[in-house]
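S.K.: Chain by chain, the residues run as shown.
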Amino acid sequence: MTVLDLLGPAESLEPVPPVLELRGAARQFPGDPPVHALHPADLVVGSGDYLSVVGPSGSGKSTLLNLLGLLDKPTDGEYLLDGIPTAGAGERERAALRAGHIGFVFQAFHLMPHRTVLENVLLATLYSGVPRAERRDRALAALDRVGLSHRIDFVPTVLSGGERQRAAVARAVVAQPRVLLADEPTGNLDSESSASVLDLFDELHAGGLTLLVITHDDEVSVRAQRRVRIADGYLQEIA
Amino acid sequence: MTGVVGAIVEAWGELRIHKLRVLLALVGVACAVTAITGVTALVSMLNQSFTEQTERQSGRRVTLNVNAWPQGAQATTPAGWDEAFGRVLERYDITYASRDEWTQATMRFPDGTRPTQVRAVDADLGVINRIVPEQGRWFTAADEEALAPTLVVNRAFLRAYGLTDLSSHPTVPLGDRAPVTATVVGVLRDEWPGAEPQAFVLYEQFHRWIGADGSGAQSGGPGPGVVDPMMGVQVPAMLLWVPADRSAEIGESVRRDLQATAPGWQVEVMDNHWDDGGLDRATTWVGIGVGGFALLLGGLGLVNIALVTVRYRIREIGIRRSFGATSGRVFFGVLLESVVATVVAGLVGVVLAVAIIKNIPVERVFGGGIQDMPPFPFSAAMVGMAAAVAVGALAGLIPATFAVRVKVIDAIRY
Numbered sequence: 001m002t003v004l005d006l007l008g009p010a011e012s013l014e015p016v017p018p019v020l021e022l023r024g025a026a027r028q029f030p031g032d033p034p035v036h037a038l039h040p041a042d043l044v045v046g047s048g049d050y051l052s053v054v055g056p057s058g059s060g061k062s063t064l065l066n067l068l069g070l071l072d073k074p075t076d077g078e079y080l081l082d083g084i085p086t087a088g089a090g091e092r093e094r095a096a097l098r099a100g101h102i103g104f105v106f107q108a109f110h111l112m113p114h115r116t117v118l119e120n121v122l123l124a125t126l127y128s129g130v131p132r133a134e135r136r137d138r139a140l141a142a143l144d145r146v147g148l149s150h151r152i153d154f155v156p157t158v159l160s161g162g163e164r165q166r167a168a169v170a171r172a173v174v175a176q177p178r179v180l181l182a183d184e185p186t187g188n189l190d191s192e193s194s195a196s197v198l199d200l201f202d203e204l205h206a207g208g209l210t211l212l213v214i215t216h217d218d219e220v221s222v223r224a225q226r227r228v229r230i231a232d233g234y235l236q237e238i239a
Numbered sequence: 001m002t003g004v005v006g007a008i009v010e011a012w013g014e015l016r017i018h019k020l021r022v023l024l025a026l027v028g029v030a031c032a033v034t035a036i037t038g039v040t041a042l043v044s045m046l047n048q049s050f051t052e053q054t055e056r057q058s059g060r061r062v063t064l065n066v067n068a069w070p071q072g073a074q075a076t077t078p079a080g081w082d083e084a085f086g087r088v089l090e091r092y093d094i095t096y097a098s099r100d101e102w103t104q105a106t107m108r109f110p111d112g113t114r115p116t117q118v119r120a121v122d123a124d125l126g127v128i129n130r131i132v133p134e135q136g137r138w139f140t141a142a143d144e145e146a147l148a149p150t151l152v153v154n155r156a157f158l159r160a161y162g163l164t165d166l167s168s169h170p171t172v173p174l175g176d177r178a179p180v181t182a183t184v185v186g187v188l189r190d191e192w193p194g195a196e197p198q199a200f201v202l203y204e205q206f207h208r209w210i211g212a213d214g215s216g217a218q219s220g221g222p223g224p225g226v227v228d229p230m231m232g233v234q235v236p237a238m239l240l241w242v243p244a245d246r247s248a249e250i251g252e253s254v255r256r257d258l259q260a261t262a263p264g265w266q267v268e269v270m271d272n273h274w275d276d277g278g279l280d281r282a283t284t285w286v287g288i289g290v291g292g293f294a295l296l297l298g299g300l301g302l303v304n305i306a307l308v309t310v311r312y313r314i315r316e317i318g319i320r321r322s323f324g325a326t327s328g329r330v331f332f333g334v335l336l337e338s339v340v341a342t343v344v345a346g347l348v349g350v351v352l353a354v355a356i357i358k359n360i361p362v363e364r365v366f367g368g369g370i371q372d373m374p375p376f377p378f379s380a381a382m383v384g385m386a387a388a389v390a391v392g393a394l395a396g397l398i399p400a401t402f403a404v405r406v407k408v409i410d411a412i413r414y
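Here the protein sequences come in this chain order: A and B. Position 35 (the first sequence) corresponds to 35 in the numbering used here; numbering is contiguous. Position 352 (the second sequence) corresponds to 352 in the numbering used here; numbering is contiguous.
Among the hints, a few may not be true.
[Said to hold, decoys possible] Partial list, derived from the structure: chain A residues whose beta carbon lies under 7 Å from chain B:
{"#": "1", "residue": "Asn66"}
{"#": "2", "residue": "Ala95"}
{"#": "3", "residue": "Ser128"}
[As the list claims (entries may be wrong)] Derived SDA-like pairs (lysine to any residue); straight-line CA-CA distance at most 20 Å:
{"#": "4", "chain 1": "B", "residue 1": "Lys407", "chain 2": "A", "residue 2": "Ala96"}
{"#": "5", "chain 1": "A", "residue 1": "Lys73", "chain 2": "B", "residue 2": "Ser327"}
{"#": "6", "chain 1": "A", "residue 1": "Lys73", "chain 2": "B", "residue 2": "Lys19"}
{"#": "7", "chain 1": "A", "residue 1": "Lys73", "chain 2": "B", "residue 2": "Thr309"}
{"#": "8", "chain 1": "B", "residue 1": "Lys407", "chain 2": "A", "residue 2": "Glu119"}
{"#": "9", "chain 1": "B", "residue 1": "Lys407", "chain 2": "A", "residue 2": "Phe29"}
{"#": "10", "chain 1": "B", "residue 1": "Lys19", "chain 2": "B", "residue 2": "Val303"}
{"#": "11", "chain 1": "A", "residue 1": "Lys73", "chain 2": "B", "residue 2": "Cys31"}
{"#": "12", "chain 1": "B", "residue 1": "Lys407", "chain 2": "A", "residue 2": "Val155"}
{"#": "13", "chain 1": "B", "residue 1": "Lys358", "chain 2": "B", "residue 2": "Lys19"}
{"#": "14", "chain 1": "B", "residue 1": "Lys407", "chain 2": "B", "residue 2": "Val389"}
{"#": "15", "chain 1": "B", "residue 1": "Lys19", "chain 2": "A", "residue 2": "Ala195"}
{"#": "16", "chain 1": "B", "residue 1": "Lys407", "chain 2": "A", "residue 2": "Ile84"}
{"#": "17", "chain 1": "A", "residue 1": "Lys73", "chain 2": "B", "residue 2": "Ala411"}
{"#": "18", "chain 1": "B", "residue 1": "Lys358", "chain 2": "A", "residue 2": "Pro113"}
{"#": "19", "chain 1": "A", "residue 1": "Lys73", "chain 2": "A", "residue 2": "Ser62"}
{"#": "20", "chain 1": "B", "residue 1": "Lys19", "chain 2": "B", "residue 2": "Arg405"}
{"#": "21", "chain 1": "A", "residue 1": "Lys73", "chain 2": "B", "residue 2": "Met270"}
{"#": "22", "chain 1": "B", "residue 1": "Lys19", "chain 2": "A", "residue 2": "Met112"}
{"#": "23", "chain 1": "B", "residue 1": "Lys19", "chain 2": "A", "residue 2": "Ala89"}
{"#": "24", "chain 1": "A", "residue 1": "Lys73", "chain 2": "B", "residue 2": "Leu347"}
{"#": "25", "chain 1": "B", "residue 1": "Lys407", "chain 2": "A", "residue 2": "Thr75"}
{"#": "26", "chain 1": "B", "residue 1": "Lys407", "chain 2": "A", "residue 2": "Thr86"}
{"#": "27", "chain 1": "B", "residue 1": "Lys19", "chain 2": "A", "residue 2": "Glu119"}
{"#": "28", "chain 1": "B", "residue 1": "Lys407", "chain 2": "A", "residue 2": "Leu97"}
{"#": "29", "chain 1": "B", "residue 1": "Lys407", "chain 2": "A", "residue 2": "Thr157"}
{"#": "30", "chain 1": "A", "residue 1": "Lys73", "chain 2": "A", "residue 2": "Asp49"}
{"#": "31", "chain 1": "B", "residue 1": "Lys407", "chain 2": "A", "residue 2": "Met112"}
{"#": "32", "chain 1": "B", "residue 1": "Lys19", "chain 2": "A", "residue 2": "His114"}
{"#": "33", "chain 1": "B", "residue 1": "Lys19", "chain 2": "A", "residue 2": "Arg94"}
{"#": "34", "chain 1": "B", "residue 1": "Lys407", "chain 2": "A", "residue 2": "Ser62"}
These are computed hints drawn from the structure, not numbers from a lab. No residue lacks a Cβ here, since even glycine has one placed at the ideal position from N, Cα and C.
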């Protein structure tokens, strides 16, 4: 018997799958001629990456976001979320993957105007399997993390743009998703509020969260660790 | 289970936000449930009132009315008719029964002595015919053993004595040759305007104190057999309250038994087991019609409001879907909002119906008190609630289907 025998069988060290992975994924809309919104593209976003996708209007950014957010299906190729193939997944399975793996931040915030900030944040815990007893504590922690502890009982309509987007970020991260998908997160904000939201993204990234930000603003995109350009449906990583 | 509770809590939260919508839904559906429950309760009160009025005339369901007639001029009074009455009660285990003898007795009114109609009955007649005196009381078992006869008279009788109430504890001399003093213990309302004075007296007391010819104890004595100058010899009728399911069988047996007791007499037994369900059915259908129509209106209003609200909430539905709500969950959620709203409305409707029914001036509405007030129709309340839930679910189906068809991408684009 040797010392090595005492260690037991070696654990299988399988490679950790990327959080997002496009394998030749394309999206084509029917028409005459068909519209190629996204040409076959490969993209790998690893855990903890901070990636920005830049491109002008009509370049295919929203199509890419819809595919990555499982709101749409590729017409060709495969999309793996956390290593799980999704191209053939059913509606229920895709909803479950969205609930458990993805947090969305929208340009127009999309907070529910009649609900308080806390209730808005709690919304995301309804579908992601967060135990009922933990929901409020998690929501309060998320709001504290984005610096909105003093606004929990306010309705979104009385908040500033920056505060609304922070509330939306709190809603996106409360269920501890694997990736945060942000669609033009600073599109409706002034420069000061934009800076504060981008600082918040930096903090979240530093905390280990994977971020994918879609923007047409170079100032926003340069904050990311990796940059991808999309133009006319073609995806290209910027060195 | 937790999912269902969660969905209900979520639906309730939505409704709290859309208060106006809830209120509008409440009005239509609550009115409908009030109509269904209230009308059903009213119908059951109306039926009870109708039944009681009928029973005041012809006795409780089912009362056997036993009559006997002499078959020839030489027929004599059957011996042992009263004993036969006792045997019938014992043999067929009849709890409530009364003899009913229509006769006359001499009464001394302030304006002179005159023969007055008297019904000699047993105390049970009060139960069988639902007799409720408007003043004083009906006979009790204690009156049977009293040392002086007691009378329950009609208002005309009291009026003939120049009285309006029993506050003076009036007594009446009965009989002509050897009058006895009877105490008036109760007053009934006249059966029709201009009714003649009439008195009820207990059968046993009548024969003990007044006599078969109504003149006084010395001339009468106990036992049946009244010689009416117009109709000849007669025996008292018998009223027997028997179970409805055995009335025919008991009626035939009683007829045979009494026929054997009274040779030369024709004994007939009639019952009041006739079908008068027409009113019941008609009023029930009216109730269902009114309630159904109100529910239809309430439901249409609800569909309208729900559809408008769902269109207004397209973005919110899109956001929920993007955060992982399945289409089933969205469908169920929107459907449940409608159902929760109608359940609340239904509860309000039932409470309203209870409040209305409990505050109905029964005397004025039904032209006479209801002795056995029917209980609040719990089943009608349940039917009303079930209908409210059904309308909620149906009204929720259209907006829920609409909500499921919302395209997430379009909903969250701007």
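S.K.: Each of the hints needs a verdict: does it hold here or not?
M.R.: Evaluated hints:
Satisfaction of the interface hint for A/Asn66 is found here, the shortest Cβ-Cβ separation to chain B being roughly 5 Å, below the 7 Å cut-off. A least Cβ separation of about 4 Å between A/Ala95 and chain B falls short of the 7 Å threshold, and the interface hint therefore holds. Contact between A/Ser128 and chain B, as hinted, is supported at the beta carbon level, the nearest pair being about 6 Å apart and thus within 7 Å. Restraint check for B/Lys407 and A/Ala96: satisfied, since their Cα atoms lie roughly 17 Å apart, inside the 20 Å limit.
With a C-alpha separation of about 17 Å, the suggested pair A/Lys73 and B/Ser327 falls inside the 20 Å cut-off, and the hint holds. Under the criterion of a C-alpha separation no larger than 20 Å, the hint pairing A/Lys73 with B/Lys19 is inconsistent with the structure, at around 39 Å. A hinted pair counts as satisfied when its Cα atoms are at most 20 Å apart, and A/Lys73 with B/Thr309 does not qualify at roughly 30 Å. For the given pair, B/Lys407 sits about 24 Å from A/Glu119 by alpha-carbon distance, which is inconsistent with the 20 Å threshold.
A C-alpha spacing of about 16 Å is found between B/Lys407 and A/Phe29, which places the hinted pair at or below 20 Å, so the restraint holds. For the hint pairing B/Lys19 with B/Val303, the CA-to-CA distance comes to about 16 Å; that is within 20 Å, so the pair holds. Between A/Lys73 and B/Cys31 the alpha-carbon distance is near 49 Å, which puts this suggested pair outside the 20 Å criterion. With a C-alpha separation of about 26 Å, the suggested pair B/Lys407 and A/Val155 falls outside the 20 Å cut-off, and the hint is violated.
Our distance criterion of 20 Å between C-alpha atoms is broken by B/Lys358 and B/Lys19, whose separation comes to about 30 Å. Restraint check for B/Lys407 and B/Val389: not satisfied, since their Cα atoms lie roughly 29 Å apart, outside the 20 Å limit. With a CA separation close to 39 Å, the supplied pair B/Lys19 and A/Ala195 exceeds the 20 Å bound. A distance of roughly 24 Å separates the Cα atoms of B/Lys407 and A/Ile84; the hinted pair therefore is violated under the 20 Å criterion.
Our distance criterion of 20 Å between C-alpha atoms is met by A/Lys73 and B/Ala411, whose separation comes to about 17 Å. Between B/Lys358 and A/Pro113 the alpha-carbon distance is near 44 Å, which puts this suggested pair outside the 20 Å criterion. The straight-line distance between the Cα atoms of A/Lys73 and A/Ser62 is roughly 13 Å, inside the 20 Å bound, and the hint therefore holds. For the given pair, B/Lys19 sits about 25 Å from B/Arg405 by alpha-carbon distance, which is inconsistent with the 20 Å threshold.
For a cut-off of 20 Å, the pair hint linking A/Lys73 to B/Met270 is broken: about 84 Å separates their Cα positions. Only pairs whose Cα atoms come within 20 Å are accepted, and B/Lys19 paired with A/Met112 is accepted, the gap being roughly 16 Å. A hinted pair counts as satisfied when its Cα atoms are at most 20 Å apart, and B/Lys19 with A/Ala89 does not qualify at roughly 39 Å. A C-alpha spacing of about 46 Å is found between A/Lys73 and B/Leu347, which places the hinted pair above 20 Å, so the restraint is violated.
Distance hint between B/Lys407 and A/Thr75 is fulfilled; the C-alpha atoms sit about 18 Å from each other, no more than 20 Å. For the hint linking B/Lys407 to A/Thr86, the alpha-carbon distance of about 19 Å falls within 20 Å, and the restraint holds. Between the alpha carbons of B/Lys19 and A/Glu119 the distance comes to roughly 17 Å, so the proposed pair stays at or under 20 Å and holds. Between B/Lys407 and A/Leu97 the alpha-carbon distance is near 18 Å, which keeps this suggested pair within the 20 Å criterion.
This hinted pair does not check out: B/Lys407 and A/Thr157 have alpha carbons roughly 25 Å apart, beyond 20 Å. For the hint pairing A/Lys73 with A/Asp49, the CA-to-CA distance comes to about 23 Å; that exceeds 20 Å, so the pair is violated. The hinted pair formed by B/Lys407 and A/Met112 meets the criterion: a straight-line CA distance of about 18 Å does not exceed 20 Å. Pair hint B/Lys19 plus A/His114 holds up; C-alpha atoms about 11 Å apart against a cutoff of 20 Å.
Under the criterion of a C-alpha separation no larger than 20 Å, the hint pairing B/Lys19 with A/Arg94 is inconsistent with the structure, at around 34 Å. Proposed proximity of B/Lys407 and A/Ser62 is supported: the alpha carbons are some 15 Å apart, at most 20 Å.
Hints 6, 7, 8, 11, 12, 13, 14, 15, 16, 18, 20, 21, 23, 24, 29, 30, 33 from the earlier list are contradicted by this structure; the remaining hints agree with it.
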